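Colleague: Same order as they appear, the protein sequences are chains P and D.
To convert, note that position 319 of the first sequence is 319 in this note's numbering; the numbers rise steadily by one, no gaps.
To convert, note that position 306 of the second sequence is 1306 in this note's numbering; the numbers rise steadily by one, no gaps.
Hints in this document: simulated from the structure, not taken from any laboratory.
Computed from a predicted structure; not experimentally measured.
The C-beta atom is built at its ideal place from N, Cα and C for all residues, glycine as well.
Among the clues, some could well be false.
Stated by the list, open to error - Short derived list, chain D residues pointing at chain P, Cβ under 10 Å:
| # | residue |
| --- | --- |
| 1 | Met1176 |
| 2 | Ile1179 |
| 3 | Phe1195 |
| 4 | Pro1201 |
| 5 | Gly1312 |
| 6 | Leu1327 |
| 7 | Val1329 |
What follows is each chain in one-letter form.
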Amino acid sequence: MTTYIIRRLLLVPVLLIGVTVLIFGMMQMLSPVERTALYLKDFPKNDKAIEGLIKRYGFDQPVYVQYWNWLMGVKNPTTGVREGGILHGDFGYSRSSSMPVSELISRRFPNTVDLALWAMVPMISVGIWLGVQAAVHQNTWIDQGLRMFSIVGTSFPTFVFGLLVLMVFYAKLQWLPPGRLSTWASAVVDSGQWKTYINLLTIDSLLNGRLDIFWDALRHMLLPIITLSYINWASFLRVTRSSMLETLRQDYVVTARAKGLSEHDVIFNHARPNALLPVITMAGFSIVGLLGGVVITESVFNYPGIGSAAARAAVSLDIVTMLGFAVFNGLILIVANLVVDIVYAFIDPRVRLS
Amino acid sequence: MTIAEPTENIPSGDNRLLGEDVKMREIGKLERFLGPDNYRILKGLVKTPASRIGFALVFIFALVAVFAPLIIAPVPPNDAYKIPRDGYKNDPQPPGSPWKRQVPEMPFWYKTLTGKDEWVHLMGTSEGSYDIFYGVIWGTRTAFTTGLVVTLATFLIGVIYGSIAAYYGGFVDNIMMRILDVLMILPSTLAALIFAAVLTPKIGKSVLPVMFALIAFGWMGYARIIRGDILSIKERDYIMAAKVSGVKNSRILFKHIIPNAIFPTLVLASMGIGDVVLSFAALSFLGIGTETGYADWGQLLSFARNWISSLGTYWYIVVFPGLTLVLYVLGWNLIGDAMRDVLDPRMRGKA
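Based on the sequences and whatever the hints tell you, model everything.
Modeller: Have a look at this one:
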């Protein structure tokens, strides 16, 4: 177990360097002048001034120096102290949102986490339930029907599904609005009486004792939750089904049946716990994916998470913001994948022993 | 002695090893050409009703793409991929409203099928008076071009990368696989989104930035799969035999290993077309890539983003292009689903 964890931990710095080099490489596709322009609010028209800026930020230096500067910040010529740098949390200034990228992320990320926490509940539980049903009723009409359901599910692009549910539940029925909060609710949240505990709106509203705001926040998230669930059910269903079918063929399940256990007991108490092992990994990675911001879903529903901010930055070709998001996203994903892998090794002895 | 099927290590159709008296089943030319494993995959593919529906859907879309100019002709002097605009009105117009400006030539089928003498907007117009029907028909071509080009490119890159890693193994393999790990950290939509945004100012607004971005972040899956297949084939006896008899390394790789390992990856690549089209449509839905008015389903759907609160009235700006996209991807996925069953090792011998 320890060797497994150590081996896995050793991979982390490799991945970190790799991701930063990759993102830095994308930025190197722009010329020094363009890169200077990216970081300044007012770009000077004067050639001399531009040259001075290029010198000051070190964009004329060798690539490895620039990479180091990008990570650690540029040395201030008078004080000799490095300023900025992504490792100090300075991702530059976001033109598309008119605030520093780090501030944009810290404002938007809690919303993404909030959505991810709520979306994973129906996504995983219903997905697994459907998969077990399909496996238990293998080759009956239930299995066939679920199979069609999952193929259609994977064929539905997120944004088409999202637009269709918006059309029905928002435009036609006026039940579930897009966005984050109603105007009255955001007025309350922005007012002085609102106490911020952990920055997640749904939880904070409960802690503030405002059930009406809790309901309003949840109501705005329902459509994205439905969309994310529907799109992801297909893969949960498929993995659970095939893993369940494989487990049901194992000898110990036959033994359980031979001992005369009820079918319910065999399926839910003997087969299902083991069949869920591969599903756990998948669930882990889906949650990680949700935390990384769901670009399209958030954009369709105008939900103010980091995914929609990334999309908006991309449309206005705000590259500083995009690269900042990429670094942030890469960090989250590397750490979260590590956690998933280690947790899985704890659950399944086969992983750590191999 | 009864042997029903030739086992894996014996070339199909070669019954010398089994003795002359053994009765073998007839082996057709196609099976001889593809080998038993590949032939079984192909046979399984055309057998299920779902995959037949899939093939039918893709075939219909292919016909539409090929005969697009006959279905609705481009309006000169426009580029064929530019959707004609009936004026500059911002609000969408419902299906059946008359077409006044930039009217295409009357095609042969129009009068018989619709019974009308004048062109109308069959599926209505979207924001900016772009004709939806034209976009749907010509968007089929965009879908096929982007899907095929991106898939082919990612397939080639993946196969070359994966085979090099698998063949050399050891340190080289280890480094190459860690590079894959790095490239696969960022979610592919986000990575492609960023890369396309970096590329767009360089090469201008067209289908190219998005295609390059999808290629750059789309080949890793193929590399992994072919690597695994090559690793297992490398251990087979006939490769050993080739090595012992002094065949050159490169010849073993290209003549003996890759041809035997490539079929599953090839099949998966053909299934990847639907996914590529989905990602392409998603990026252009977000507003990356093609110029406004380019015949492309994602672009058509992105018009709907400004009319979300009135989609009840303007349903046609979502339903027509959306349904087209869904059916197209569904076609490829139905084929892919049949493929998964056939390729799943647990299903072997049960088909």
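Colleague: Hint by hint, note whether the structure agrees.
Modeller: Going down the list of hints, with the structure as the test:
no., hint, result
1, Met1176, "violated (12 Å)"
2, Ile1179, "holds (7 Å)"
3, Phe1195, "holds (6 Å)"
4, Pro1201, "holds (6 Å)"
5, Gly1312, "holds (4 Å)"
6, Leu1327, "holds (8 Å)"
7, Val1329, "holds (4 Å)"
Checked against the numbered hints given earlier, the structure breaks only hint 1 and satisfies all the rest.
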